[in-house]
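Kindly generate the complete structure, drawing on both the sequences and the hints.
Chains as they are written, first to last, in our numbering: chain X, 1 to 114; chain R, 1 to 110.
In short, the hints are calculated from the structure, not lab data. Heads up, a few of these hints could be off.
To be verified - Estimated spans, in silico, between C-beta atoms of each pair:
hint: 1; chain 1: X; residue 1: Ser7; chain 2: R; residue 2: Leu46; range: 18 to 26 Å
hint: 2; chain 1: X; residue 1: Ile38; chain 2: R; residue 2: Ser12; range: 18 to 26 Å
hint: 3; chain 1: R; residue 1: Ser12; chain 2: X; residue 2: Gln17; range: 39 to 47 Å
hint: 4; chain 1: X; residue 1: Ser27; chain 2: R; residue 2: Gly9; range: 19 to 27 Å
hint: 5; chain 1: X; residue 1: Arg64; chain 2: R; residue 2: Ser12; range: 37 to 45 Å
hint: 6; chain 1: X; residue 1: Gln41; chain 2: R; residue 2: Arg77; range: 36 to 44 Å
hint: 7; chain 1: R; residue 1: Glu3; chain 2: X; residue 2: Gly28; range: 26 to 34 Å
hint: 8; chain 1: R; residue 1: Glu5; chain 2: X; residue 2: Gln80; range: 27 to 35 Å
hint: 9; chain 1: R; residue 1: Glu5; chain 2: X; residue 2: Gly3; range: 36 to 44 Å
Said to hold, decoys possible - Facing chain X, a subset of chain R residues (Cβ under 10 Å, in silico):
hint: 10; residue: Lys2
hint: 11; residue: Val4
hint: 12; residue: Pro44
hint: 13; residue: Ser52
hint: 14; residue: Ser69
hint: 15; residue: Tyr71
hint: 16; residue: Phe100
Glycine is no exception: its CB is placed at the ideal position from the N, C-alpha and C atoms.
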Amino acid sequence: EAGVAQSPRYKIIEKRQSVAFWCNPISGHATLYWYQQILGQGPKLLIQFQNNGVVDDSQLPKDRFSAERLKGVDSTLKIQPAKLEDSAVYLCASSLEAPAYEQYFGPGTRLTVT
Amino acid sequence: QKEVEQNSGPLSVPEGAIASLNCTYSDRGSQSFFWYRQYSGKSPELIMFIYSNGDKEDGRFTAQLNKASQYVSLLIRDSQPSDSATYLCAGNTNAGKSTFGDGTTLTVKP
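As structure tokens, this is what we get:
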């Protein structure tokens with residue numbers, strides 16, 4: 001069974017530029033999560049999708065971050081414009097069904113904003 | 001106060017010893033709890049989950065849950081150097097909200 005795929009793995013941008021991350025969850029997983037993990041901290045949930053719909057985006061900085069999940073499969077997370085404090089690893093995870101099932105994480109995208 | 005609290009560590013134990021990792025949570029709506037292991041530079045991977053009060057054992061790992069005390073723990077018996085990692089505790093509510101702690105860094109010394 002293929003795992004969660006993410007791209008790119010690394011990205012370096014200057015502040016005020018825009019960036020997009022892509023995630024392909026495990027086949028059949030209805031729930032998809034985007035997390036931001038700053039060095040030394042645990043993953044912080046940015047947005048959670050159940051199929052096409054948003055379940056929780058309470059911690060998503062909506063003035064600069066946006067996310068979509070078209071057709072209930074792939075998802076993209078965008079940051080525009082980026083700030084220095086956005087430097088982090090962005091993790092995508094998927095699960096069969098929230099809330100009871102474990103999450104499977106992708107390899108993450110390490111973003112550096114200079 | 002964070003919703004899920006863990007001692008940041010580092011926790012250091014000798015090889016073969018028992019490592020005890022603790023987690024407390026504030027949201028009484030949390031119903032299921034997960035322990036993930038994260039090696040440096042890698043993504044979290046699931047070790048165990050627990051839903052019911054009491055103990056759950058899986059090989060060298062035992063998870064303990066006490067909902068009255070809002071406390072979750074993970075015991076690692078016969079610790080190995082390969083167990084050296086950061087251990088993340090996560091709680092899920094029935095509404096689907098998932099919250100992670102900041103993790104405890106464990107070092108197992110040969």
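Status of the hints after comparison with the structure:
no., hint, in the structure
1, X/Ser7 x R/Leu46: 18 to 26 Å, "holds, 23 Å"
2, X/Ile38 x R/Ser12: 18 to 26 Å, "holds, 24 Å"
3, R/Ser12 x X/Gln17: 39 to 47 Å, "holds, 42 Å"
4, X/Ser27 x R/Gly9: 19 to 27 Å, "violated, 37 Å"
5, X/Arg64 x R/Ser12: 37 to 45 Å, "holds, 40 Å"
6, X/Gln41 x R/Arg77: 36 to 44 Å, "violated, 28 Å"
7, R/Glu3 x X/Gly28: 26 to 34 Å, "holds, 29 Å"
8, R/Glu5 x X/Gln80: 27 to 35 Å, "holds, 34 Å"
9, R/Glu5 x X/Gly3: 36 to 44 Å, "violated, 30 Å"
10, Lys2, "holds, 9 Å"
11, Val4, "holds, 8 Å"
12, Pro44, "holds, 5 Å"
13, Ser52, "violated, 12 Å"
14, Ser69, "violated, 21 Å"
15, Tyr71, "violated, 18 Å"
16, Phe100, "holds, 4 Å"
Going through the hint list in order, the structure does not satisfy hints 4, 6, 9, 13, 14, 15.
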